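Number of protein chains: 2
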Amino acid sequence: MAIPIDLRRDAAHSLQEQIYTQIRGLILNGRLATCARLPSSREMARDLGVSRNTVLHAYDRLKNEGYLDSQDNAGIFVSNAIPDQCLDYVADRRALRSFDREPPRRPDLRLEVTAPANVHLDRARARIDFWYGRFDRRNFPLNTWRRLINENLSRAGSNLSEYGAPAGCHELRKAVSSHLGTTRGMNAPADRIIITAGAQDGLNLVCRLLVQQGQKVAVENPCYGSAALLLKSYGAELCPVPVDHLGLRVENLAATHASLVYVTPSHQFPTGVTMPLERRHRLLDWAEKANSFVIEDDYDSDFRYDSPPLTALAGIDQYDRVIYVGSFSKSIGPGVRVGYLVLPEVLVQPALALKSLSSYGQPWLDQIVIADFIESGGYRNHLRKLRHRYHESRDALVAGLRKFFGPDADFSGDGCGMHILWRLPNGIKAADLVVAASKVDVGLYSFESVGAYEVGDSNLRKNSLVLGYSTLSPVEVTEGIGRVAAAVKSLAA
Amino acid sequence: MAIPIDLRRDAAHSLQEQIYTQIRGLILNGRLATCARLPSSREMARDLGVSRNTVLHAYDRLKNEGYLDSQDNAGIFVSNAIPDQCLDYVADRRALRSFDREPPRRPDLRLEVTAPANVHLDRARARIDFWYGRFDRRNFPLNTWRRLINENLSRAGSNLSEYGAPAGCHELRKAVSSHLGTTRGMNAPADRIIITAGAQDGLNLVCRLLVQQGQKVAVENPCYGSAALLLKSYGAELCPVPVDHLGLRVENLAATHASLVYVTPSHQFPTGVTMPLERRHRLLDWAEKANSFVIEDDYDSDFRYDSPPLTALAGIDQYDRVIYVGSFSKSIGPGVRVGYLVLPEVLVQPALALKSLSSYGQPWLDQIVIADFIESGGYRNHLRKLRHRYHESRDALVAGLRKFFGPDADFSGDGCGMHILWRLPNGIKAADLVVAASKVDVGLYSFESVGAYEVGDSNLRKNSLVLGYSTLSPVEVTEGIGRVAAAVKSLAA
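Line by line, the protein sequences give chains A and B.
No gaps in the numbering here: position 442 of the first sequence is 487 in the numbering used here, and each next residue is one more.
No gaps in the numbering here: position 206 of the second sequence is 251 in the numbering used here, and each next residue is one more.
To be clear, the hints were calculated from the coordinates, so they are not data collected in a lab.
Just so it is clear, the structure is predicted and the values come from calculations on it, not from any experiment.
Careful, some of the hints might be misleading.
Note that identical chains are pooled: a pair holds if it fits in a single copy or bridges any two copies.
Stated by the list, open to error - The calculated BS3-like cross-link candidates involving lysine-lysine, where the alpha carbons are at most 30 Å apart (straight line), are: (1) Lys484 - Lys534; (2) Lys448 - Lys474; (3) Lys430 - Lys108; (4) Lys334 - Lys108; (5) Lys261 - Lys430; (6) Lys261 - Lys507; (7) Lys261 - Lys277; (8) Lys219 - Lys448; (9) Lys474 - Lys534; (10) Lys261 - Lys334; (11) Lys507 - Lys277; (12) Lys534 - Lys108; (13) Lys334 - Lys507; (14) Lys430 - Lys507.
Assemble the whole structure, with the sequences as input and the hints as a guide.
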C-alpha cells in the first residue's frame, strides 16, 4: 500500500521528522486505521526517494511512542492500543478549537492580578519625552561592560555550569555591602544581603514572606503603583496614609493597625519629597511599637544634587525593623535585572529558604560583572557622571518652569532623583495638557500613566504631572518646557 | 570649643565623611548635647588641618539630616529636634544588641519554609562523584558563548537600559517555540511561552497562580523534592500517587480529588522510568474530567539514548491542560538561570500579569545569547555532543553494574536523562554503602541526599541509590563502579 506522504526537501524540518509527523497525523485522523499494515521501510524509502535509515528512524520513533507495532517478521502495523480520544486529534489545537470543540473550561484561578502600567510600554515615544525614571542608553557604560564581561568569561565554564548560592554571588554581596556603607550610611553585612532580579523581585520575596490574606499594610497615599498592586495580589488590605511635604504622615500610622508599611523616604514616589530625620525616627519608633517591619524602597537615591544623600532609614534603624530594597535599574539599566534586599537579621534565614525554593538565585555573569564594576571604583565614577548629567537637566527643568510659569511655579522633588512632581497652573487639567502636549511631540505623564496608586480624590491626580528628565539634555528640557508652556497658553485661552 | 575628632588620612573614607560620621556619633552618644554650639567651619578646618570646604560639606550634610541647626550669623548648634531615643544610638547594631538591648521580637512570619536539599551543596566532592543531573563544566560551549556575547554587546546599550517584556525577549520565545516543535513534538506558539529564571522559578509562578491553602495537589511518590517543598510552601496538601515501572499510576488519581498534578513523564524523578503513550493519554483524560491542570516537568528529556524522544505530554494534549516546564540548566548550565514555561492558552494572561508584578522578566543579554545559540543551529549540535558523551558514560555504567553485580543488576531509568536508580543487592543498605564508598573516594547519593520526597516507607528509600553519570567519563564510571563493588563485598562479608 502507498501512504500519502508529501516530503519537502526545502522544509525547515528533516525528512525523518516529516515522515514521522505525517504518519502520526494519518493515524490520529483515522486515515490509517488501527491494525493497518504499513509498507516495509525498504518499500517506503524507495517510494519516497529517501534512504532506508531515514524511514527506519521515523518508524522507530512511532513504535516507541506507541503509534506503531512491529510483529517481528510479520511487518509493521498501526497499534491497536491507541486510545479512542486520540483518533480525532489534529496537530493544530487552534484549528481544532475553531471547528469542533468547546474551548476548555477555565479552572478556578487563585487570584485575579492586575499588571502594573509602567512595565514595557510599547507606546511610541514623543520626540521630547518626560517619562520618569528612565535610564538613558547613551549613559550605559558599554566599554567597561565589555571589558568586565570578557575578563570574567574565561571563568564562565566553571561558574555557569553550577548552581550559585540562592542569596547571590558572594563577590556582589560584599561589593553591595561596602557600597551601601559609604553611600547610604548603612551597616549592611554581606550575609544580610540577598541579590534579586531587581527591586520588584525583592519586594515580591518580602511580600511572600510577610503578607497574608487580609493583612493590613500601610502605604503612602499616593504611592508607587507596582508595589501597591503586588501587595494586593498577596491579599493585603492597603491602608493609605497621607503624604505631606515631609513624606508619609507618621502620626496617622497608629490608626491603621497595619503590621507592615511600604515607604520611599529618600524621594517619595510620585511627589518627590524627602522625609527628614526626625520623622524617620518616629517611623522607626512606630514600627517597634507596632511590632511591624518597614519596607524602604530607595529607588533613585543615588542622585542627590544639592547636598550629600540623607542616610537611609536602614542606616539609622536601631530596632532591626527595616527591609531595604535596592536596584541597579536606575544606575546601570533595568535590562540587567539585578537588585538586592538588605534584611533584618531575624528575616535572613526564612527569606533565604524562600529564595532557594523560588528561583535558586540570579545569573552568575551579570552578578560578577557588577561586583567588579563596584569594586574597581568604576561604578562610583559612573554614578558621579550620571549625577552630573541629571543635575544639569534638573537645573534646566527648574529654570524652564520658573521662566515660563513664574517664580511661583509649583513643583516638588527637585532635590534628588530622576523626576519632579509639577502642580499645574490653576484651571489646567492634567488630562487636557497631556493631549495638547502630544500634539507638539512632547510626552507628558499623569498619575494614571505612571501607574501611581492613590485612594480618594486629591487634586494631585487631576492637576499634576510627573516630569522625568533623566533621558533629556538641558537643551531638550528647555525646548520641551517651552512647548508645554505654549500648550498651557492655548488651553487657558 | 574643641571637638574630639580623629582623622585618618589613609582611611577608606574621605575626610569629609569621617568628620560627618564622628560628629553624628558624638551627638547620638550624647557627648555633644542638644543646642551645644559647634566651632565655626573656619576654626574646625584650622584645628583639623583640612580645607574649609571639607568642613562646610560635612556641616551641610549634618544640617540637611537635622543633626545641626545654623542660626544665620549666630553660629552652628546641635539641633534640639533630635528625638530622645536617638541619643543612645550606636552605629554598630551588633555591638548594641550585645550589651544593652533585648533582641527584637520576631514578628509572626507567614510561613515556615524548608529549603531544598539539592541547591548549592558546599560539600567536598569525592574523586568519583555520582551526583545526579550535574552539568560538566568541560562541556560548556565557552567559545560560542564568548562569540555570541560579543556579537550582541554592541546592542547592549539600548537593550540593557530598558525594561524588557516580562514574558521574556521575543527572539528567545520564538527560538524556544521552534526548538520544542522539532525536539518535543509540541505546537507551542511563542505567545504561550514565558521565559523564567530556570525551572524552579517557572514552577514558582505556576504555584502562585494555581495553588491555594489546603488545595489537594497530586505528586508522584517518590518525587522531586524541590517541587514538593514549593507546593507545600504555598499551602498545598500533597496527595502522593504511587509510581510503578511505567510512571505515575494514573488510575489512583481519581481517589485523590486533586485539582493539580505534578509529573515528570519523560524520566521520572528519581526512578527514571518513562511514561508510555497510553498512560499519558489517560492522564490527560483525568485532567479534563477533574478540571485539573497537569504540570509536566521535562527536566532532562534532551538526553535520550536508545530511541528518539517521546513526544512531550504537552505535545499530545488536546485539552489545553498541560503546563510545560523546561530549563537550560541541564543543557547549558544552571549558572545561566534561564528556563521557560509553555502555558495553556487560558493561563497566559493571568500568568503574564503575575510575572509582570513579580520580576519584570529576565536579563536581556543571557536571553539573546541563548536565542542566537538555538537559531544558529549551534544548540542542536551542542545537545548532540552532550548526548554522545552521556551515552558513552551511560553504557559504561550499565556495563559496569552488569559486570560486577551480574546480569540481574536491578536498575531503572537508563533509557534517557543523566541518572539511573539502582536497587541495591539484597541485604545492602543504602546508608551503609554511602559511607563505605566515601572511604574509597566515591560519592554515592541516597534518596535523602538528592532531596527526593517520599511518603511512606518504600524499600526504595532504604535500598536504592541515585547514580548520576553526566560528569564522569566512561573510564571514571567503570573505576567508580569497581570501587563500589568492592565496598559492597566488604559490607556483605
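Hints, one by one, checked against the model:
no., hint, in the structure
1, Lys484 - Lys534, "within (14 Å within a copy, 86 Å between copies)"
2, Lys448 - Lys474, "within (21 Å within a copy, 85 Å between copies)"
3, Lys430 - Lys108, "between (65 Å within a copy, 25 Å between copies)"
4, Lys334 - Lys108, "between (70 Å within a copy, 28 Å between copies)"
5, Lys261 - Lys430, "neither (42 Å within a copy, 55 Å between copies)"
6, Lys261 - Lys507, "within (28 Å within a copy, 48 Å between copies)"
7, Lys261 - Lys277, "both (10 Å within a copy, 25 Å between copies)"
8, Lys219 - Lys448, "neither (47 Å within a copy, 51 Å between copies)"
9, Lys474 - Lys534, "within (13 Å within a copy, 87 Å between copies)"
10, Lys261 - Lys334, "within (16 Å within a copy, 39 Å between copies)"
11, Lys507 - Lys277, "within (24 Å within a copy, 46 Å between copies)"
12, Lys534 - Lys108, "neither (78 Å within a copy, 41 Å between copies)"
13, Lys334 - Lys507, "neither (37 Å within a copy, 51 Å between copies)"
14, Lys430 - Lys507, "neither (35 Å within a copy, 62 Å between copies)"
Taken one by one, the earlier hints fail for this structure at numbers 5, 8, 12, 13 and 14, listed in ascending order.
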